[in-house]
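Given the sequences, and given the hints that come with them, work out the whole structure.
Residue numbers (the working numbering): 1 to 92.
Take the hints with a grain of salt, since some may be wrong.
[To be verified] 20 Å max Cα-Cα, derived SDA-like pairs, lysine to any residue:
1. Lys91 / His16
2. Lys86 / Asp11
3. Lys89 / Phe32
4. Lys91 / His34
5. Lys91 / Ile63
6. Lys91 / Ala31
7. Lys86 / Gln30
8. Lys86 / Ile26
9. Lys91 / Lys75
10. Lys75 / Lys86
11. Lys86 / Asp76
12. Lys75 / His16
13. Lys86 / Ala24
14. Lys91 / Ile65
[What the hints assert, rightly or not] Quick list of the computed label-pair ranges, beta carbon to beta carbon:
15. His16 / Thr72: 16 to 22 Å
16. Glu49 / Lys86: 19 to 25 Å
17. Asn56 / His79: 23 to 29 Å
18. Asp6 / Asn37: 20 to 26 Å
19. Glu36 / Thr70: 27 to 33 Å
20. Thr72 / Asn37: 31 to 37 Å
21. Arg64 / Arg12: 16 to 22 Å
22. Gln3 / Pro59: 33 to 39 Å
23. Asp19 / Asn61: 29 to 35 Å
24. His21 / Asp68: 15 to 21 Å
25. Asn57 / Gln92: 15 to 21 Å
26. Pro62 / Asp20: 30 to 36 Å
27. Asn18 / Thr87: 19 to 25 Å
These are calculated hints, taken from the structure and not from any lab test. Remember, predicted model here, so these are calculated numbers, not experimental data. Positions of the beta carbon are idealized from the N, C-alpha and C atoms, including for glycine.
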Amino acid sequence: MSQVIDQVVSDRICKHMNDDHQDAIILYAQAFAHIENVQSATMISIDHEGMNIAVNNEPQNPIRITFDHTLTDAKDAHHTLVEMIKTAKTKQ
Numbered sequence: 001m002s003q004v005i006d007q008v009v010s011d012r013i014c015k016h017m018n019d020d021h022q023d024a025i026i027l028y029a030q031a032f033a034h035i036e037n038v039q040s041a042t043m044i045s046i047d048h049e050g051m052n053i054a055v056n057n058e059p060q061n062p063i064r065i066t067f068d069h070t071l072t073d074a075k076d077a078h079h080t081l082v083e084m085i086k087t088a089k090t091k092q
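Written out as structure tokens, the structure reads:
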């Protein structure tokens with residue numbers, strides 16, 4: 001059964017990303033929001049259209065990164081975040 005991205009799912013994804021994939025969040029900010037010299041970043045929320053990230057040295061916080069499609073569920077969010085990291089690494 002697929003999980004819609006409600007507040008509970010958003011909180012779970014954000015906790016996982018902040019605890020285990022801090023480097024990925026920094027790359028998202030650099031590659032998709034075009035922010036340089038990111039020292040730290042925290043994923044605040046995620047929904048079907050995009051994610052909100054707080055970046056240490058960015059006066060406009062949080063920043064919004066939109067997805068290239070509307071997410072269908074939590075599984076789609078996982079696959080999309082993985083693909084975005086692959087894309088971000090090629091932009092370095």
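So does Asn56 sit 23 to 29 Å from His79, Cβ to Cβ? holds (28 Å)
Taking the beta carbons of Pro62 and Asp20, is their distance inside 30 to 36 Å? violated (20 Å)
Please work out if Lys86 and Ala24 have their alpha carbons no farther apart than 20 Å. OK: Lys86 and Ala24 at ~10 Å, within 20 Å.
Pair hint outcome, Lys75 versus Lys86 [Cα-Cα no greater than 20 Å]: The hint holds at about 17 Å.
Does 29 to 35 Å hold as the CB distance between Asp19 and Asn61, or does it fail? For Asn61 against Asp19, whose Cβ atoms are near 20 Å apart, the range 29 to 35 Å is violated.
Taking the beta carbons of Glu36 and Thr70, is their distance inside 27 to 33 Å? The hinted range 27 to 33 Å holds for Glu36 and Thr70, with Cβ atoms some 29 Å apart.
Hinted pair, alpha-carbon criterion (20 Å max): Lys86, Asp76. Please report holds or violated. The given pair, whose Cα atoms are some 15 Å apart, holds under the 20 Å limit.
Next pair to validate is Lys91 with His16; report whether the Cα-Cα distance is within 20 Å. violated (24 Å)
Are Thr72 and Asn37 spaced within 31 to 37 Å by their CB atoms? Given about 35 Å between the Cβ atoms, the range holds.
Outcome for the supplied range 15 to 21 Å, where the beta carbon pair is His21 and Asp68: Holds, since His21 and Asp68 (Cβ atoms, about 20 Å apart) stay within the stated range.
Take a quick look at whether Lys91 and Lys75 sit within 20 Å of each other, Cα to Cα. violated (25 Å)
Would you check the hint for Lys86 and Asp11, treating anything up to 20 Å between C-alpha atoms as holding? violated (23 Å)
Checked against the numbered hints above, the structure breaks hints 1, 2, 9, 18, 23 and 26 and satisfies the rest.
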